[in-house]
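S.K.: Residues per chain are reported as follows:
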Amino acid sequence: MTVNAPANPAPPEAAPKGASSRTRSERKLAWMLCAPAVVAMLLVTAYPIVYAVILSLQDVDLRFPDEGGFVGLSNYTAVLTSDLWWTDFFNTVFIMVISVAIELVLGMAIALVMYRAIFGRGVVRTSVLIPYGIITVVAAFAWQFAFAPETGFVNNLPLIPDEKDWFGGRFSSFAVIIMAEVWKTTPFMALLLLAGLVTIDSQLYEAARVDGATAWQRFTRITLPLMKPAILVALLFRTLDAFRVFDTIFIMTRGALDTESVSILGYNQLISRLNLGLGSAVSVLIFLCVFLIAFIFVRGFGAKVEEGRPGG
Amino acid sequence: MERSSRDYALWTIAIALVVIFALIPVLWLISISLKPPEALTDQKFIPADISFDNYKSLFEGGIDDSPFIKPLINSIGIALITTAISIVLASFCAYAIARLEFPGKRVILAGALAIAMFPPISTVGPLFDMWRALGLYDTWLGLIIPYLTFSLPLAIYVLVAFFREIPWELEQAAQVDGATPFQAFTKVIVPLAAPGVFTAAILVFIFCWNDFLFAISLTSSDASRTVPAALAFFTGESSFTAPTGSIAAAAVVVTVPIIIFVLIFQRRIVAGLTAGAVKG
Numbered sequence: 001m002t003v004n005a006p007a008n009p010a011p012p013e014a015a016p017k018g019a020s021s022r023t024r025s026e027r028k029l030a031w032m033l034c035a036p037a038v039v040a041m042l043l044v045t046a047y048p049i050v051y052a053v054i055l056s057l058q059d060v061d062l063r064f065p066d067e068g069g070f071v072g073l074s075n076y077t078a079v080l081t082s083d084l085w086w087t088d089f090f091n092t093v094f095i096m097v098i099s100v101a102i103e104l105v106l107g108m109a110i111a112l113v114m115y116r117a118i119f120g121r122g123v124v125r126t127s128v129l130i131p132y133g134i135i136t137v138v139a140a141f142a143w144q145f146a147f148a149p150e151t152g153f154v155n156n157l158p159l160i161p162d163e164k165d166w167f168g169g170r171f172s173s174f175a176v177i178i179m180a181e182v183w184k185t186t187p188f189m190a191l192l193l194l195a196g197l198v199t200i201d202s203q204l205y206e207a208a209r210v211d212g213a214t215a216w217q218r219f220t221r222i223t224l225p226l227m228k229p230a231i232l233v234a235l236l237f238r239t240l241d242a243f244r245v246f247d248t249i250f251i252m253t254r255g256a257l258d259t260e261s262v263s264i265l266g267y268n269q270l271i272s273r274l275n276l277g278l279g280s281a282v283s284v285l286i287f288l289c290v291f292l293i294a295f296i297f298v299r300g301f302g303a304k305v306e307e308g309r310p311g312g
Numbered sequence: 001m002e003r004s005s006r007d008y009a010l011w012t013i014a015i016a017l018v019v020i021f022a023l024i025p026v027l028w029l030i031s032i033s034l035k036p037p038e039a040l041t042d043q044k045f046i047p048a049d050i051s052f053d054n055y056k057s058l059f060e061g062g063i064d065d066s067p068f069i070k071p072l073i074n075s076i077g078i079a080l081i082t083t084a085i086s087i088v089l090a091s092f093c094a095y096a097i098a099r100l101e102f103p104g105k106r107v108i109l110a111g112a113l114a115i116a117m118f119p120p121i122s123t124v125g126p127l128f129d130m131w132r133a134l135g136l137y138d139t140w141l142g143l144i145i146p147y148l149t150f151s152l153p154l155a156i157y158v159l160v161a162f163f164r165e166i167p168w169e170l171e172q173a174a175q176v177d178g179a180t181p182f183q184a185f186t187k188v189i190v191p192l193a194a195p196g197v198f199t200a201a202i203l204v205f206i207f208c209w210n211d212f213l214f215a216i217s218l219t220s221s222d223a224s225r226t227v228p229a230a231l232a233f234f235t236g237e238s239s240f241t242a243p244t245g246s247i248a249a250a251a252v253v254v255t256v257p258i259i260i261f262v263l264i265f266q267r268r269i270v271a272g273l274t275a276g277a278v279k280g
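Those sequence lines, one after another, are chains A and B.
Each residue of the first sequence is one higher than the last, beginning at 1 in the numbering used here.
Each residue of the second sequence is one higher than the last, beginning at 1 in the numbering used here.
So here's chain B without its partners, still in its complex pose (with noise of 0.2 Å):
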């Protein structure tokens, strides 16, 4: 196929018009979490100054007094216990999927696609009213619950596709060639596994790590409330200062290590997220 010029330039400008859009958000956040509170309005994306000072905003006070650090600590430590139960529970279950024969299997399969669809807001009264009478109300496991349902589906779906992927034989070999079973599945399935685990696992993690709706219902404080819920919550440093630069800083704060996280793992991602979507 003959490749002109006037080819080169149309899918340079394509090109160009995907990264610009996909990046214009991002660096808009962090061209006002930099500017001084007095250039705030200057409309301009670029800033014309530098100033750190809503960084500095944010972490002051230490742990007590930030408005930032303990819903961080909240958003994290709650994040990465859903993503350890959610995987090890997925990953039970999309072993038996695939490779086991019982009946229930597509029941199972048909009920986490169900969940993936059910809309999350007619829970939420209900949890409230249960939540409230358990004491589960504004704690770390009171949102670790309905994180965890809500992600498993997802989770189940990518290992199930990862492990169905998988040369099971191998197990077998290995403990012909001499392998106890654990040392088979410790030393050819585990290595084999632990891709499809780990995509599983980012996915999950950026799923609690997005999600709102629960945030703002089931959290009352800074003993469980995460940072989008405590960014919609941000207040000025007085009452007669916006808190624009607050949250853009926040924001970047909160962005930048994961984009950077789903850039080095893109490959990962892009399979995970398209696992089971289309039968090979």
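The following block holds chain A by itself, in its conformation from the complex (with noise of 0.2 Å):
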């Protein structure tokens, strides 16, 4: 812009439209310095997501090595017309939204005490931090070790019947898959909306309270709305992870009473009886899932992904 331009060795971007040298070196050395992370990134799953498509045309068993050959769709026929599918597939979504609406409430709630507190901002933000510090199999185990009727204190609570066998039924041993996972990873989702929650300007607030809103009316028409893209995003990635729920249900009941997911079921399939062809079949099935609620939160609700950052 200036004429007298100050004594800078290196003058920003006003390279001619044909690349000039200086910019051609700047794209090599880019490129030359993100070529080692993109390649360790489409090592483990560029590569083998398509020779997981591949797999699952085949019948590969590796019990039986000498059957096999390719066999066109009939591993998805076989796993899409099974109940074992289907019973999988809806406790995996069921998992999913009744923890991820959990999650929301409870990690708003949270975020809002985090935001809003008069003292004791720091012990709720060092408290929320622990259940992220904590292995997900090692939380599965306290809970069940917790629930369990013969080891367990929950049954001694007030309230609750001392007999209780909580993972002797399909919707009880959800009840405290549910809650493990709720535990582990609310405080992820607390920390995402508690940022989204700092941008607002407060004198918004101030401005609602002189015009006389409640502090209900408030949170409805002023936090809601402008968290909206922050509770997108918090959600999107909640949703994804919740939908690969593994580790707390291999632990606390192996899939046992109908209590498998998706996940446990492409587990099964593949390291446990060994038939590449079938179980591939499921992850590619797992896959496109996954495809299709990213592509649902991104064109349906509008959630602006490029803004928003991978889960920890």
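Check before you lean on any hint, since a few could be wrong.
Said to hold, decoys possible - SDA-like cross-link-like pairs, simulated, lysine to any residue; straight-line CA separation at most 20 Å:
#1 A:Lys28 to B:Ser91
#2 B:Lys105 to B:Phe92
#3 A:Lys164 to B:Leu40
#4 B:Lys105 to A:Leu33
#5 B:Lys105 to A:Val38
#6 A:Lys28 to B:Pro103
#7 B:Lys44 to A:Leu159
#8 A:Lys28 to B:Gly104
#9 B:Lys105 to A:Pro36
#10 A:Lys28 to B:Leu109
#11 B:Lys44 to A:Pro36
#12 A:Lys164 to B:Phe45
#13 B:Lys105 to A:Val39
If you are wondering where the hints come from, they were derived from the structure by calculation, not from laboratory data.
As the structure is a computational prediction, the values presented were derived from the model and not from experiment.
Assembling the complex is the task here: the two chains are given apart, and the hints tell you how they should meet.
M.R.: See the structure below:
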């Protein structure tokens, strides 16, 4: 812009259209810097997913290595016509919807406590980080021991029947699984929501208060609409994460009593039964579900994913 | 604004609820780990008697016979190596994205995001098959590679967010003052970038430390089995005793140091977890 540019040895992008040697070398440097990370990221995603598609079209069962060959879509029809897939799909979506809904409400409450607390903000932040630091498997064991009728303290609590066998029924198992998932991942939700909360201009609240808006009106008319982008991004990441639920179920029930998730089904087919063909068909279907969920969030709800971030 | 004592009471209750909810499983694990076997079924939250037998049994028999020492070494080794590689690769990439103009920048960021959403179970089958063919099954490298892939998006996003905040002009200012480019980088930029790099490293380490799916799918023995996978396959002292006490003790050993670490660096972790969540 200025005529007498300061003594800047390397003027920033005022390059002519044809890409000067400087911008060209900058590009080359950038690509060289990014190449290792990009290769490492593709190594275990792009190639394996292609390989999974190929495997899913074949009859590959490592227990019967002599059989095999191209079988078209028959693995997919076998999976999609089985009751097991649909039971597991229902379980996964059920756990996903309930746990993400509870996490949103609870996470918002904790975010508001952290944001508005008169005191003790640090204590709350410190304690919400504890679940984040704990291994999911460890948390699952802790809750399992707590609810187990023989060892647990939960059945000793008031209002809870002493003899309740939590892992003896499908939906009581789900209750414990969902509670463990909620405990583990609400902090992440709360921190993401808090980050959205602090960007809201506090003058808006003052103005609304002057105009006589109640606390609830301020929350529904100011906080929620302005936080919509942050909420959508948090929901998207948590929903995708919840759809992959595996660790907690594996530890608590191993999928017994119809509590399997689709990820457990995939694991059982691939690793326990060594049926790579059927297992890969399950894997590809899970991949498509995740893709669909992301698509619905981005196109349907307008989640601004570029402004989001990968979950931790 | 006036603060009534009712406000204080309500906030105290809200804060107490959050703290209790967060702490219960940890205190409970510590409690079971300290209960002697005969008290395991007393259903009490606070143990009446304290015994350290569960902890002793974890380390009994030294490195060869202990069910816990090798997995612990595997967990620490694999997580540290992955973190080191991931942070180096991510730093290069994040530097380019934060500072340089080049076509493909948005594609890389979008691709990293897509990988963060990728379901790991979809890669387990192919990796299981490939790793067996390549001899990587049940090795450290066999876990380090997938951990690297799935931790890079996290590291890149956190580092890009931090690097964008660095006042890079200082580098040129130092050179004007007579520093060599190398000095300008090591004396000015490195100290400014270190907190962000450290934060990303903590998050990547916790990511690797937490993984269970790859750990049980791609390992079969103590040669590379990490703690979460080992815990799932823990057996009792004899086939008649449940491993509850040993699992609880092992869980405490791998949890308490991480919690202390997380609490010491809590400000950084919060900044890292929410980095880039909101465009300022």
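S.K.: Each hint needs a verdict: does it hold in this structure or not?
M.R.: These are the hints, each one checked on the structure:
1. A:Lys28 to B:Ser91: Given that 20 Å is the threshold and the Cα spacing comes to 17 Å, the pair holds.
2. B:Lys105 to B:Phe92: Roughly 13 Å separates the two Cα atoms, so the pair holds.
3. A:Lys164 to B:Leu40: holds, 18 Å
4. B:Lys105 to A:Leu33: Roughly 12 Å between the alpha carbons, so the hint for lysine 105 of chain B and leucine 33 of chain A holds.
5. B:Lys105 to A:Val38: Holds, at roughly 11 Å.
6. A:Lys28 to B:Pro103: With Cα atoms ~10 Å apart, lysine 28 of chain A and proline 103 of chain B stay inside 20 Å; holds.
7. B:Lys44 to A:Leu159: Judged against 20 Å, a Cα distance of about 16 Å means the pair holds.
8. A:Lys28 to B:Gly104: holds, 12 Å
9. B:Lys105 to A:Pro36: Holds - the C-alpha atoms of proline 36 of chain A and lysine 105 of chain B are around 14 Å apart, at most 20 Å.
10. A:Lys28 to B:Leu109: Given pair lysine 28 of chain A, leucine 109 of chain B holds - Cα atoms ~18 Å apart, limit 20 Å.
11. B:Lys44 to A:Pro36: violated, 53 Å
12. A:Lys164 to B:Phe45: holds, 18 Å
13. B:Lys105 to A:Val39: holds, 15 Å
The structure fails hint 11 only (numbered hints given earlier).
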